[in-house]
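K.L.:
Taken in order, these protein sequences are the chains called A and B.
For what it's worth, my numbering labels the leading residue of the first sequence as 1, then goes sequentially.
For what it's worth, my numbering labels the leading residue of the second sequence as 257, then goes sequentially.
Calculated directly from the structure, the hints in this document are not laboratory data.
Wrong hints could be hidden among the right ones.
[Stated by the list, open to error] Quick look at which bits of chain B chain A covers, simulated, 3 or more residues with Cβ under 8 angstroms:
no.: 1; stretch: 459 to 465
no.: 2; stretch: 468 to 475
[Said to hold, decoys possible] Pairwise CB distance ranges, derived in the manner of DEER restraints:
no.: 3; chain 1: B; residue 1: L494; chain 2: A; residue 2: R125; range: 53 to 63 angstroms
no.: 4; chain 1: B; residue 1: E441; chain 2: A; residue 2: S27; range: 23 to 33 angstroms
no.: 5; chain 1: B; residue 1: G305; chain 2: A; residue 2: R125; range: 21 to 31 angstroms
no.: 6; chain 1: B; residue 1: L494; chain 2: A; residue 2: K120; range: 16 to 26 angstroms
no.: 7; chain 1: B; residue 1: V373; chain 2: A; residue 2: Y29; range: 24 to 34 angstroms
no.: 8; chain 1: B; residue 1: A496; chain 2: A; residue 2: K124; range: 32 to 42 angstroms
no.: 9; chain 1: A; residue 1: Y29; chain 2: B; residue 2: V395; range: 46 to 56 angstroms
Where a beta carbon is used, it is the ideal one built from N, C-alpha and C, also for glycine.
Residues per chain, in single letters:
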Amino acid sequence: MNELNDPATRSVPPMVEVRGLHMHFGSTYALRGVDLEVAQGEVVVVIGPSGSGKSTVLRCINLLETPTAGTVHVDGVQVNHKKADLNAIRAEVGMVFQQFNLFPHLSAVENVGLALRHVKKLSKRETAAIALAQLEIVGIPEKADAYPRELSGGQQQRVAIARALAMSPKVMLFDEPTSALDPEMIKEVLDVMLALAADGMTMVCVTHEMGFARGAANRMVFMDDGLVVEQGQPRELFEHAVEERTRQFFSQILKH
Amino acid sequence: MPGSSGRGELHPRSGENDMALDAERQRALIAQRHGGTTRRPWAIVDRDGFPYWLVALAVFLAWMGYRIATNDRYNEGAAFIDDGLITTVRITVFSFLLALGLGLVAGLGRIARNPIVRNVARTYIEFVRGIPILVMIFVVAFIVFTSVNGWLDRPNRSSSEIKFIVAIGIFYGAYLAEVFRGGIESIPPGQTEAGRSLGLSQRQTMRTIVLPQALRNMLPAIGNDLIACFKDSSLGTLLAVGEITHKTKLYGGTNFDYRAAYFVLAFMYLSITLVLSLLVSWYSDRLSAGRAR
Chain A
1 MNELNDPATR SVPPMVEVRG LHMHFGSTYA LRGVDLEVAQ GEVVVVIGPS
51 GSGKSTVLRC INLLETPTAG TVHVDGVQVN HKKADLNAIR AEVGMVFQQF
101 NLFPHLSAVE NVGLALRHVK KLSKRETAAI ALAQLEIVGI PEKADAYPRE
151 LSGGQQQRVA IARALAMSPK VMLFDEPTSA LDPEMIKEVL DVMLALAADG
201 MTMVCVTHEM GFARGAANRM VFMDDGLVVE QGQPRELFEH AVEERTRQFF
251 SQILKH
Chain B
257 MPGSSGRGEL HPRSGENDMA LDAERQRALI AQRHGGTTRR PWAIVDRDGF
307 PYWLVALAVF LAWMGYRIAT NDRYNEGAAF IDDGLITTVR ITVFSFLLAL
357 GLGLVAGLGR IARNPIVRNV ARTYIEFVRG IPILVMIFVV AFIVFTSVNG
407 WLDRPNRSSS EIKFIVAIGI FYGAYLAEVF RGGIESIPPG QTEAGRSLGL
457 SQRQTMRTIV LPQALRNMLP AIGNDLIACF KDSSLGTLLA VGEITHKTKL
507 YGGTNFDYRA AYFVLAFMYL SITLVLSLLV SWYSDRLSAG RAR
């Protein structure tokens, strides 16, 4: 595993630090010792074939899955520690899912406001103001009162991003945010993500959108079979991948 | 590109529709299991076509009502029996509230992570489901209440109505527990994950995200159990609780007019049940229409 010797990432402690992460479901291993560091403001894109464990890494960062072994630190706090205040940590880590997972019984603005109300305990008025402002940031303030059913996939995913952003997280995790979208809706979601990256948000994205990786990622991490195989700047990795497995993966996904 | 999360998302492209379909199917399944229907019984255009059955029932009820109103013997019976209506309604309301509480707790217990909680819930459910309701009533009235009052060193003078309400509440609680469990499990795990990832506690996630959605799915089944519970209030007659069935027995016994007495009784149950059933369907429809909007 090659450590990245970028001085920018070494001077400040990393925002996300994953060390020796192991994860197995019964006898099947999903992760076999993953190390990953994400510096503050860094955008990391994780790629790899199906079943390589990239989503599992993401889900371990906010402990939706409990790792079998290894440590996860977010902003210096060990997440998978017995005494960790999970809810507080999760409130600071935003997550966007492949299937949006909007709450169908709540309108867009209520989706965004739910955690503000119940986790941050803000007043109704503050909640509504922040929620509306977030919807404006993702470009759909006019859909505030619409229910998820009435929104297109792209709009739903943008509401989901607004919902995560409303908590002013330190890190945003994206788990294949565009994989469930119709092709014509992918751009509107990527545009929001690009703006977010430009704004200095720390992001870890599992995605197959190579255009996004090329345009926004500071670093690309290639995973296979529960391990980080190789990582580097996107252009470098695209053009000069060292590992045979990485080159093979690129040749498969970039063929068409 | 294939979904690579490895968590069994088979149709990444049609995710939202799938979820809607799933919810619909689940609702139908839950309702079916409890012998209910999610369809509007009164809708003129329905998959069943024109609701002739409803017209037939309405005509029959109208005829019964007319007989009772115009026939002095029936009229007299009705006047005696309807004294018990309040008791019947009271029994239904309180026992069903108790059942809802027990059902929610046991239903949540059934899917709890703690194995002790899970097993306690399961024991309660299986215990109750293994006993006929009739026996349940006697067990609660003659064993449970007597023992508990004995342990508490209290005179055994709880009213039979209380005993009966508790018995019915415990009984329906076990059935509602399974309804709650099914309803909660019908909500996709992604909903819980989204809630937890926002920092909501398990309890908050259950209360603000899972239960509101689950309740909509469960409503037909809960309505069914409410109607069944209402009908089973007639068993109160076994403990001489003064509800309408008991009143009917009394009236028939003193006036030797069983024909009039049970005619009136059947009319009361049938009309109330029909109204309840229509209300439940109407309310379920309104909720699902609210969701579809």
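K.L.:
Now tell me if each hint is right for this structure.
P.N.:
So, going through the hints one by one against the coordinates:
no. : hint                                   : in the structure
1   : 459 to 465                             : holds (count 3)
2   : 468 to 475                             : holds (count 3)
3   : B:L494 with A:R125: 53 to 63 angstroms : 57 angstroms, holds
4   : B:E441 with A:S27: 23 to 33 angstroms  : 26 angstroms, holds
5   : B:G305 with A:R125: 21 to 31 angstroms : 51 angstroms, violated
6   : B:L494 with A:K120: 16 to 26 angstroms : 55 angstroms, violated
7   : B:V373 with A:Y29: 24 to 34 angstroms  : 31 angstroms, holds
8   : B:A496 with A:K124: 32 to 42 angstroms : 53 angstroms, violated
9   : A:Y29 with B:V395: 46 to 56 angstroms  : 52 angstroms, holds
The earlier numbered hints that this structure contradicts are 5, 6 and 8.
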